[in-house]
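Novice: I would like the entire structure built from these sequences, with the hints used as guidance.
What follows is the residue order along each chain.
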Amino acid sequence: MSPSLLQVENVTKRFGGLAAVSGLNINIQEGELVGLIGPNGAGKTTAFNLLTGVYDPSEGNIVFDGNSINPLKPYQVTKLGMARTFQNIRLFKELTSLENVKIACNLRSKSGLFAAIFRTPSMIENDREIEQKSLDLLAALNLSHVASNRAGDLAYGLQRRLEIARALATQPKLLLLDEPAAGMNPQEKQELRELIQDIRTRFNVTIMLIEHDMKVVMGLCERIYVLDYGQIIAEGSPEDIRSNPKVIAAYLGQEEAE
Amino acid sequence: MLRGTFVRFLGFAFSLALLLLVSKGAAYIKDYYVSVIVTCGIYVILAVSLNLINGITGQFSIGHAGFYAVGAYVGASWSLLALPRIADTPLLKIGTPVGDTINVIIAIILGAGAAALAGFVVGIPSLRLRGDYLAIVTLGFGEVIRVIFLNMDAVGAARGLTGIPSIVSNHDMSIFWVYGVAILVIMLSKNLIGSVRGLSFLAVREDEIAADAMGVNTTRVKVTAFVLGSAFAGAAGSLYAHFATGISPDVFDMNTSIIITTMVVLGGTGSITGSVLAAIMLTALPEWLRFLQDYRMVIFSTTLIVMMLTRPQGIFGHREISFASFKRRKRAVIGGGEAP
Chain A
1 MSPSLLQVEN VTKRFGGLAA VSGLNINIQE GELVGLIGPN GAGKTTAFNL LTGVYDPSEG
61 NIVFDGNSIN PLKPYQVTKL GMARTFQNIR LFKELTSLEN VKIACNLRSK SGLFAAIFRT
121 PSMIENDREI EQKSLDLLAA LNLSHVASNR AGDLAYGLQR RLEIARALAT QPKLLLLDEP
181 AAGMNPQEKQ ELRELIQDIR TRFNVTIMLI EHDMKVVMGL CERIYVLDYG QIIAEGSPED
241 IRSNPKVIAA YLGQEEAE
Chain B
1 MLRGTFVRFL GFAFSLALLL LVSKGAAYIK DYYVSVIVTC GIYVILAVSL NLINGITGQF
61 SIGHAGFYAV GAYVGASWSL LALPRIADTP LLKIGTPVGD TINVIIAIIL GAGAAALAGF
121 VVGIPSLRLR GDYLAIVTLG FGEVIRVIFL NMDAVGAARG LTGIPSIVSN HDMSIFWVYG
181 VAILVIMLSK NLIGSVRGLS FLAVREDEIA ADAMGVNTTR VKVTAFVLGS AFAGAAGSLY
241 AHFATGISPD VFDMNTSIII TTMVVLGGTG SITGSVLAAI MLTALPEWLR FLQDYRMVIF
301 STTLIVMMLT RPQGIFGHRE ISFASFKRRK RAVIGGGEAP
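First to last, the protein sequences are chains A and B.
With my numbering applied, the first sequence covers 1 to 258.
With my numbering applied, the second sequence covers 1 to 340.
One or more hints might be untrue.
[Stated by the list, open to error] Here are the simulated DSS-like pairs of lysine-lysine, each with C-alpha atoms no more than 27 Å apart in a straight line:
| # | chain 1 | residue 1 | chain 2 | residue 2 |
| --- | --- | --- | --- | --- |
| 1 | A | K133 | B | K190 |
| 2 | A | K93 | B | K190 |
| 3 | A | K73 | A | K173 |
| 4 | B | K190 | A | K110 |
Since the hints were made in silico from the structure, they are not lab data.
Specialist: Here's what the structure looks like:
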């Protein structure tokens, strides 16, 4: 078996006395499409924040692509090749779509501040490359027509897509999507599913997504983790998960009385 | 590529030559007008430099007079205390064109450098604080600096420093130096926000968490903004000291900080053009209104209130005016289809 891309070992995160996530174990191989589901407040977003360096784990270890990310800040984790989107869209609203993508692209460039304020030829060359890359990326996600629109003015579905484009601009190995289908209508959800499949093959990226919509998760993911009260209660293929009594209990409640 | 850089350099050299000509012309207008014009220039530098911190990076700092003071005192100390001891050095002789030119440049660089250091120190708390909390810290910093100078005997305590050699205003060079530095500061700021690297400053303003997640080192961006903005303000301070030939702590009080902040907000936070225009307006307007005598400040404040009520986003909002923007508009018209 090839070494895993992401390995989460026994990770616990406490806020005061409350353990939002406890004893988390997740293992993702390169090229997989994995889902993370669970009822509201189960700790899904906390898990994402642990993976991306927003929170430091209280216990346990997270290894991404051979590097321990426990002591790293979010921007360093992004540099290692893990990018994310946010549950409640966090675009740079006053800036254009193109500028949003450019900012993320800049991560992989070497142009310094000094070069920027004195407009050196190498910096102009570098900026031009980034502009081209960003335009290509917008085109790949069918966003070319809104390249010069303010990100905050875009329709909801387009904002979600722009967030994915921005995350891809950091050239990630692992893409984390936090409820990408939230607030979408069935038509948009269908498009999103196709988009995610498409991204996966075209950008050769491993994907992990948090999602509430069962149709999206079951239709997309090969493997699913189910989180409840901060703990993984089940793991397996969509079929296994659908028939797992623990999962049914977590979502629909226990049948027998106390 | 190289051509663009060359054209820019040529433009800068041309503006300097033009400035030199205007400066020479200053000999024929009243000292009062020269003083208003120079003060406008100094406030342009201050407003543009604060805009870098407040408007572009979104760190609400309102103690800019502190950095201005550091630059003024350090620049003045060089000319007043250090220079006389080495005045025999041929290239540094006060009163000779070559000596004055070199001395001004050294004074500006020293003022800017010292203020940059102060900016670095203030930039550190800005990493932990945001919004109104940061505003209070920077306001406090500005006052601390003023009080330190007020109690420092070496720089004249409350009397301040007087008799600073007027290496700027000799040979009618004041307009040249002040506007030369102003143009440089505007150019560097515009270069920054016109670059992809500069976009990360805007990203920090827009959404710090998202910027962090997109690989922007937000700590470094914030400290850089403070260091750059303070350095520019320090240069303005050094210029002021050598133009006014006398400085005292009360020149750099909270009022000055507030006025600079007002310029940035009035011009439209983030807009360099707006900062420049508002700086000129807010410096010149109280002068034009002098004929109103006692009612001057009443009318001035009322004007500000009316402007903020009618255009809360500032004169320019986030926009800029430049040749490029005219070109863009033309292209959009030719291109037809897309709405802006």
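Novice: For each hint given before, does the structure comply? Return the numbers of the non-compliant ones in rising order.
Specialist: none
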